[in-house]
Each structure stands twice: as structure tokens, then as C-alpha cells.
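Generate coordinates for the entire structure from the input sequences, incorporating the hints supplied.
Here the protein sequences line up with chains A and B, keeping their order.
Read in order, the letters of the first sequence are residues 1 to 101 in our numbering.
Read in order, the letters of the second sequence are residues 1001 to 1203 in our numbering.
No lab work stands behind these hints, which were simulated from the structure alone.
Take these hints with a grain of salt, some might be off.
Computed footprint of chain A on chain B; a stretch qualifies when at least three of its residues, placed anywhere within it, have a C-beta under 8 Å from a C-beta of chain A [stated by the list, open to error]: (1) 1017–1029; (2) 1110–1117; (3) 1185–1198.
All values reported here derive from a predicted model rather than from experimental measurement.
All residues carry an ideal CB built from backbone N, CA and C; glycine is no exception.
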Amino acid sequence: MTDTALGPGPGMKLYLMIWVGLLVIVAAEVALTYAGLSRGDLLLGLLLLALLEAILGVLYFMHMKWENRILLFSMAGYFGLALLFMNHIWRDAARMVSMYW
Amino acid sequence: MSDSSHAATVEAPPFGIETKKFTMWLFILADAATFAALLFAYGYLRAGSIDWPRPFEFGSTIVNALVMTFILLTSSLTMLMAVHHAQAGRRPQSVKWIWITALLGLLFAALHLREWFRMFGEGWSLSANPLGGPVAFSAGFFSITGLHLTHVFIGIVALSVVAVKFSRGKLTAGHIETTGLYWHFVDLVWMFVLPIVYLMNAK
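Have a look at this one:
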């Protein structure tokens, strides 16, 4: 396979912008941490920011934006399903821990 | 069987991408589920403990974790440089950026290990919590960060092997991109480890 078969991709300028954006999000996470929020609100805020970082990373750094859309939806679908199952399993595990410990 | 009839029987790669790249995506999917399971378990353990410790001071642990984050994010950028040059056919420049990425990975690992050994010195371990709270905190902390650190070390080895083989002309730009996918994944996992394991436990 030749190198030209790798498909289109963005330039370094866009990568640099995403990198700066990710650093800004990390700074926002630190600001949130010391903003005096309740633990629940802090967790929600941090997880949303982490999710935003992951989306930016997958789409731009990992080139998913330029791949076949079906690949993106397949991966997201399988992973979402795995998270749903985990949420069910771990909640039940936590319930059993509280029963027997 | 002639070449043309043979070609007709070969299926197109799934999702229109190279097989090695697709395989890496499948690995990433499975590995992401592994990290998610650990973080879920950690979250439920924490939610079930009333005296969960928050031992991380800003001046030492949090600043160290932020420096590590900066290094890892920058290493993703240098990896992108390597892929960019590889795809443009500039092999020596690509190899140079791969080595820079590996060095940044080593720096990340060194800072991580320094943090670990500082915590060991304070009495933390997989089964010990010097603050008197649940040991699940330290077990979770060392398990999650340990698994991530293992991925970083594997990434450094993979980058080194790929750099040597690519410089000898034995690999293509596709291999560099596929290795880059793994390295970016290691970076993205840290984007969840930082808030859940470090920032949520800041004093």
C-alpha cells in the first residue's frame, strides 16, 4: 500500500489549534476544581470537559473526522453499549457490597 | 487462478480503511472499555465511602499532574508531526519526531514514578492508606495510574521499534499513523484519569 492511500487529513495549524484548545480545557478543569462546587456538580463538570477533550482528540488527533462515518458510529455505538452494561453491573456490584460488608 | 480473478475474490477492507488501522481501532475500543470498567468501579467505590480521602495538595501532586498532562498533550502534537512528515514522504524528519514523542513519553513516566515513590515514602501502597480512610482509594489510584503507565511504557517501546524500522525503510507511513492512534489513545485516557483520580481528590 502506498503512502498516498492514507486519505486526507488536516494541516499542522489545525492540530496546533486543537492542542491549545485541549490545554484551555485542562485549565478550565483546574478552575472548576477550586471553584467550591459540590462534589456532584464538580464531577459532572469535569466529566463533561473530559468528554469534550475525548471528542476533540478522537475527531482531529485520531483523524476520525476524515474516516468513514459508519466507522465512527459503529465504534461509538459499541462503546456506548459497553458503558451501559458497566453502569448496570457496577451498580449491582455496589449494592451487593453494601449487603455483605 | 489469474491475478484478476484473485483480486475479484478479495474483499474490500472494512469501513474503507487499512486493515492494520481498523485492527488498532478494535484494540482501542476494547482497551477503552477496560479503562472505563476501572473508572466505573473506582467511582462506585468512592460513592459508597463516606470517609474517602482527598490527599492531593495543589503545590505538589496537582501541579505535577498538570505538568505531566502538558507533556502528554505535547507528545500527541509531536506524534502528529511525525505522521504529517511520514505521509509527505519526509522519512528522516518523521523519525526525528517519533523519537521526540518517545522522549516526552519517558519524561511523563519519570514524573509519574517520582510521584509514586513520594507517595510510597508517605506510607501509601496498594493495601495501605496512611490517612486512615478506605484502602480502596490507594488500590484504585495505583491500579488506574499503573495500568495507564503500563500503556505509556508499551507505547515508548512501540515508538522506538517503529522509529528504527521506519528509518530502515521497512515500514510505511500507514504504520506510523497506526502507532500514532495508540499514542493518542493513551493521551485521551489520561484526560479522564486527571479529573477523576487527581482533581476530584484535590484538597
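Examine the region 1185–1198 of chain B for residues whose CB is less than 8 Å from any CB of chain A, and state whether their number is three or more.
Since 8 is at least three, the answer is holds.
Go check the region 1110–1117 of chain B versus chain A for me, would you? Three or more residues, Cβ under 8 Å, otherwise it fails.
violated (count 0)
The region 1017–1029 of chain B covered by chain A? Criterion: 3 or more residues, Cβ-Cβ distance below 8 Å.
With 5 residues close enough to chain A, the hint holds.
Figure legend: structure checked against the earlier numbered hints; the only hint not met is number 2.
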